[in-house]
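Residue numbers (my numbering), protein chains in the order written: chain F, 1 to 291; chain V, 1 to 385; chain Y, 1 to 259.
Hints should not be assumed to be uniformly reliable.
Sample of chain F residues with no beta-carbon within 12 Å of chain V, all distances over it, derived [what the hints assert, rightly or not]:
1) Thr133
2) Thr243
3) Leu273
Per the computed footprint, the stretches of chain Y lying under chain F, defined by three or more beta-carbons under 8 Å from a beta-carbon of chain F, are [said to hold, decoys possible]:
4) 90 to 100
5) 116 to 124
6) 175 to 183
Bear in mind the hints are in silico, worked out from the structure with no lab data behind them.
Every value quoted in this text rests on a predicted model; they were computed, and no experiment measured them.
In this text, a Cβ means the ideal position worked out from N, Cα and C, and glycines have one as well.
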Amino acid sequence: MSTIVLLLVTGLGLGALYFLVASGLSLIYGLMGVLNFAHGSFLTLGAFGGWFVARTLGADSWGVFALSLLAGAVVGAAAAALTELLLIRPLYERHIEQVLVTVGLSLASVALFEGMWGSDPEFISGPAWLKGTTDLAGAPVPNDRFVAIAAAALVLGAIVLFLRRTRYGLIIRAGVENRSMVTALGIDVRKAFTLVFAVGGAAAGLGGVLASQYFGYVSPHLGGSLLIFAFIVTVIGGLGSLTGAAVASVLVAVLQQFANYYLGYGDLIVVLLLALVLLVRPTGLLGRAAA
Amino acid sequence: MTTQTAPPAPATPADDAPRAERTVRRAPSGTIVRTVAGLALVVLLACLPLLAIHVPGVLPGPTYTPGALQMMALCWLIGALALSYHLLFGVAGLLSFGHALYFAAGVYGLAIVLDTTEIPLLPAAALVLVGGIVLAHVVGAISLRVTGISFAMVTLAFAQAGNVLVRRNPGGATGGEEGLALATANVPDALVGVLNTRNLYWLALGVLVVVYLVVLWVERSRAGHVAAATRENEVRVRVIGGRPYLVKLLVFVLAATLATVVGMAYLLLQSGAVPRATSADFTLTLLVMVVLGGVGSRWGAIVGGVLYTILDQRLGTLASSAAVADLPAVLRVPLSEPLFLLGTLFVLVVMFLPGGIAGAASRLAARRRPREDREGARERLEEVA
Amino acid sequence: MSAGRNDTDRTGATPDVPVLDVRGLSARIAGQQVVEDVTFSVPATGVTAVLGRNGVGKTSTLKAVLGLIERRGEVLLAGERVDGERTDRIVRRGVGYVPEDREVFAGLTVAENLRLAERDAHPRRELVAELFPDLVQRAAQRAGTLSGGQQQMVSLARALLNANRLLLVDEPTKGLAPRIVGEVADALAEAARTVPILLVEQNLEVVERLAERVVVVDAGRVVHTGPARALLDDQDRVQQLLGVHAEVDHRTAEGAVSR
């Protein structure tokens, strides 16, 4: 029983990280038709941003931890917004070329991070409580899991509120459905593009700081390893669907944890799940017909 | 859509007519000239191990030395691999992020068979080839259920599964992160050892020629035409009774098979398998090569592959050179990362040089039609979406 | 139609300056030529109808005017060149667009669809509420769950919310029940009193009721322009110009004339 609880909560924590990456991917794809390969780099930058703040100000206080989360989100958002403005926007509506540019950016940026920070993991510390465990139904659950889950839930709530309650949210929801009609109503949809990149980058940057707590280190490859699972989550959930991304994140991560524990090949099971979903429902769990 | 209605509508741009005429008139002699030039080039390349040509800055020594032969052979193999990716992406418009899986199937498949069995090289290679074809069928049949970006992500996921499998080292078969050295017991002596590098060189060149001929044959075949038509308009192909799914699967499997062949030659050349061959980054570099060379161009793919390999090798040398080590950190750090430079170059090519090297070359060759070429290249990319 | 290119009156109200002047416009979709060298103009008042058989490039012409598809040629809005501008800029200059197939945002509510379309500081919500009382009642309903006619009302309302100098309306009665066709025509007639309309329409009855002038397109080119009345009364000419669907169109035209 306690093992199951532990696996479940750990899986939820990992799912939270997947969601923080996949939410941005899904929003960006939904609105712009671009699969952003550089999203992992936003996460890595966010993680290093948080690490830098924690190292400079002393890592063990909650205030600094909150500040490092903020730093991660800001760095991620800034990197994403710059990417959109400088690389994506000039290739307006040329989707394959936009994807290629993000591919190039991800290769170049990971190499640059390696040059700047070395390719070995940099171990990190945080508030002491994060390193501790909490007893839940007999299972010693690492506390950083709870923080990750709470943060992902908050981000989900914030994104939903933003999409439902603001004019830009309205533009984004409309743009996901029919981009050209939004421009035909006299709206400069490109501002919304920059905005979803920034929002997605902020979520990824936040995810980076949390992932570094979850795994205990920062490294130039942190983003890349999470990105592939985020891709799988996005396809399983249905491209462009935020709810789908949330459901699939939890599903994939929990399954992965259980399979890792009982079978030892969690990553392969996830790919099998992907194959199965595609065979049964090519559009993903909550995807629309037009992919 | 306009041309089927009655009134006179000259739908084709006026300057298309002379070009078509010229092509038709020149076609037979042009083909012969090109075939002869191609043959001559292959013969010249085949003679390189017997010559002592210095190419400073590119090759580590004269062309007959093992170091230079090794590097050129690597160029031919990577060029052949890029060519197999061209078949997938340039011809059929399938943006796959998992092509490395089949290359790795060749590298690791052959390494494992040679390592764990007593089967001689040729039957072993045949066995691995069959395995590669089966794998490509299974993965292709599933991934082709989706199109466009979803297809890209699904192929990536499968390749990642292969990567995980190799790194996990199941039953000690793959050697995990360490990789697997080539077990030479059942490999003919002529293909083993530094002294025999030129035999490996000829093998690599042979693989490139074979891959080129297969790709050419596929492109000229009915299936190739249907694949190209599917890239442009899948619905139309289906309406006129074509079966896009089957044709795409065929091209997918063929490209994968070629990649498996190249992978086996790569194992012999490098005398070992390393997990990097299975990584997503490796597939991405294939994409970089093809786009660098020019999407849709056979020669572009080869040139892209060769150029990428040279840059990758020489930029590594540059990175560790004294000239770079003395630079301030702002310059030294980026310059000492070959992949950073290559990634940046790639971004620049995508943004400012549509059509890649092949596109730029054809624009130079025919300056009066630059606009059309550029648009053609753009459209070619967009058709993939 | 000569255009006063030197006359750059921004209000576009001067009757002798066409509100829209299209010269040598051609457009391509996915590399395929769909509009070829189209030239026509829309006077500053009344309804100008674009006629032609299916697939001759009527819809593409409207899209090309707005820059929704790749285009070449000159487009002047009230005497000013706009062919280099982005779609949203052109629309903000005062062009309302009612696309073929409505293109309402199915996942958004009716109210959200309308709110999204509001450009002006004082959008004309009362006018829209007056014209389409149904929409006020259904404000909270998702647009995707509306009937075709109601969706058309939403689409029209989006264009009428703002004070425009030109409306581009593409097949507003397509696939609608006869009663709804009448309502749509009423709304357009009401709108036409204050703003010039460029209307693509297959239903010749509606054309006869609304349009003063017609532009006939065939194979991506303009083959006839002139007063609507003159064309519609000449049934041989209608049959010749609107070709393939001549029988259907002929009958519709006859019905329109006999009524």
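Any hints from earlier that this structure breaks? Give me their numbers in increasing order, please. 3, 6
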